[in-house]
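Colleague: These are the residues of each chain, in order.
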Amino acid sequence: MGLFTELKDSISRVTDRLFSEQEPKRIGIYGPPNAGKTTLANRIARDWTGDAVGAESHIPHETRRARRKEDVEIERNGKTVTIDIVDTPGVTTKVDYEEFTDEMDKDDAVRRSREATEGVAEAMHWLREDVDGVIYVLDSAEDPITQVNTMLIGIIESRDLPVLIFANKIDLDDSSVKRIEDAFPQHKTVPLSAKEGENMDEVYENIAEYFG
Amino acid sequence: MPEATGTDDIDGVQIDLISGQRMEGMASMEKIRMILDGVHDGNIVILEEGLTPDEESKLIEVTMAEISPDEFNGIEIETYPRSGPSDSSLLGRIMGSDDSTAKLTVIGPANQIETLHKDETLISALVSRN
Ligand SMILES: Nc1nc2c(ncn2[C@@H]2O[C@H](COP(=O)(O)OP(=O)(O)OP(=O)(O)O)[C@@H](O)[C@H]2O)c(=O)[nH]1
Ligand SMILES: [Mg+2]
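So the sequence lines, in the order shown, correspond to chains A and B. In case it helps, my numbering puts the first sequence at residues 1 to 212. In case it helps, my numbering puts the second sequence at residues 1001 to 1130.
Warning: the hint list may mix true and false statements.
To be verified - Computed spacing ranges between beta-carbons, pair by pair:
{"no.": "1", "chain 1": "A", "residue 1": "Glu23", "chain 2": "B", "residue 2": "Ser1068", "range": "38 to 46 Å"}
{"no.": "2", "chain 1": "A", "residue 1": "Glu73", "chain 2": "B", "residue 2": "Ser1068", "range": "39 to 47 Å"}
{"no.": "3", "chain 1": "B", "residue 1": "Glu1024", "chain 2": "A", "residue 2": "Thr49", "range": "45 to 53 Å"}
{"no.": "4", "chain 1": "B", "residue 1": "Pro1069", "chain 2": "A", "residue 2": "His125", "range": "18 to 26 Å"}
{"no.": "5", "chain 1": "B", "residue 1": "Ser1128", "chain 2": "A", "residue 2": "Glu75", "range": "54 to 62 Å"}
Claimed, not checked - Here are a few chain A residues that face chain B, going by a calculated C-beta distance under 10 Å:
{"no.": "6", "residue": "Val91"}
{"no.": "7", "residue": "Val95"}
{"no.": "8", "residue": "Asp96"}
{"no.": "9", "residue": "Tyr97"}
{"no.": "10", "residue": "Glu118"}
{"no.": "11", "residue": "Gly119"}
{"no.": "12", "residue": "His125"}
{"no.": "13", "residue": "Leu152"}
{"no.": "14", "residue": "Gly154"}
{"no.": "15", "residue": "Ser158"}
{"no.": "16", "residue": "Arg159"}
{"no.": "17", "residue": "Pro162"}
{"no.": "18", "residue": "Leu164"}
{"no.": "19", "residue": "Val177"}
{"no.": "20", "residue": "Asn206"}
Unchecked claim - Which chain A residues face chain B? A few, computed with CB under 8 Å, are given here:
{"no.": "21", "residue": "Lys94"}
{"no.": "22", "residue": "Val110"}
{"no.": "23", "residue": "Ser113"}
{"no.": "24", "residue": "Thr117"}
{"no.": "25", "residue": "Val120"}
{"no.": "26", "residue": "Ala121"}
{"no.": "27", "residue": "Arg128"}
{"no.": "28", "residue": "Met151"}
No lab work stands behind these hints, which were simulated from the structure alone. All of these numbers come straight from a predicted model, not from anything done at the bench. Here a beta-carbon is modelled for each residue, glycine too, at the ideal position from N, C-alpha and C.
Construct all of the structure, not just a fragment, from the sequences and the given hints.
Modeller: Next comes the structure, spelled out in structure tokens:
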């Protein structure tokens, strides 16, 4: 990055902060690959703006660039909060293109993994510089105690960002919200199914309360 | 890091145990470079005192930049005791205060570690030689 863009960026960060009362807060949607981050981002965007954010897929690393949906106005109990939602690529410490070769040919798998690594790096960067709050999405049918989850929550805490944990996919038989609550007792956990639209009232109440 | 001599003709896995003291004077990027250089060589790197959250975040970022098909798939990383604000386990205290960086951290190449399992009291890793 050139000195000038860097300078411009840091000035805009300062002004962002100065005007933080009016400026919509940027809420990053983070979590491991395939947790349902994009499905959630799309549901929020569709519910409040009418259009979607990005593609969802059962193949991990579908989202490979952070995508922002600006000025999402959420109304709860007569109160309106305006946020920018940032859907980020699922964070991991490893990417092996051979995981995708069942689903696509080698060239596409290699391209997908290269884009995924760039996307994860970008997501980490956003987390250090550009988000004001975090929605951490977990697949509640999976074990929440993984190194990536522990590390990411630690990173988020160290930056003093407000964070909500979303226990997604409660429609699945193996779902356990308690497992997530027990793993991260220091944070509020909100159960939901982004795909089926279950418990979205509580989702929006908490977004309004935490990020408003 | 000084190369251990004569490792080429031995069929095995090198483990680098790095003391907190050695890490103390190093800048974040130096630590990350040292870890990833070791992992690129196929070594298991064990840090007596782990990284700060900020360093962990940069480690993920740099790891991503270095992943390349058929060469390097990234890293496995486990910490013990678990990082977190409420970390005041016995080992945590023995290993030096409630400082959240005082956690044993094991890092290795993802393609060589089959399971790096961990529970409250145990880290278990299966390492292949190639
Ligand atoms: N059963 C169930 N499936 C869900 C739910 N939310 C998302 N999914 C499915 O989970 C898969 C992954 O969803 P995505 O929204 O693409 O996940 P993501 O976290 O954005 O994944 P990456 O972008 O790859 O990191 C898709 O097949 C979704 O249909 C849910 O609430 N219940
Ligand atoms: Mg996605």
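Colleague: Among the hints numbered above, which are violated by the structure, and what are their numbers in rising order?
Modeller: Numbers 17, 18, 19 and 20, in rising order.
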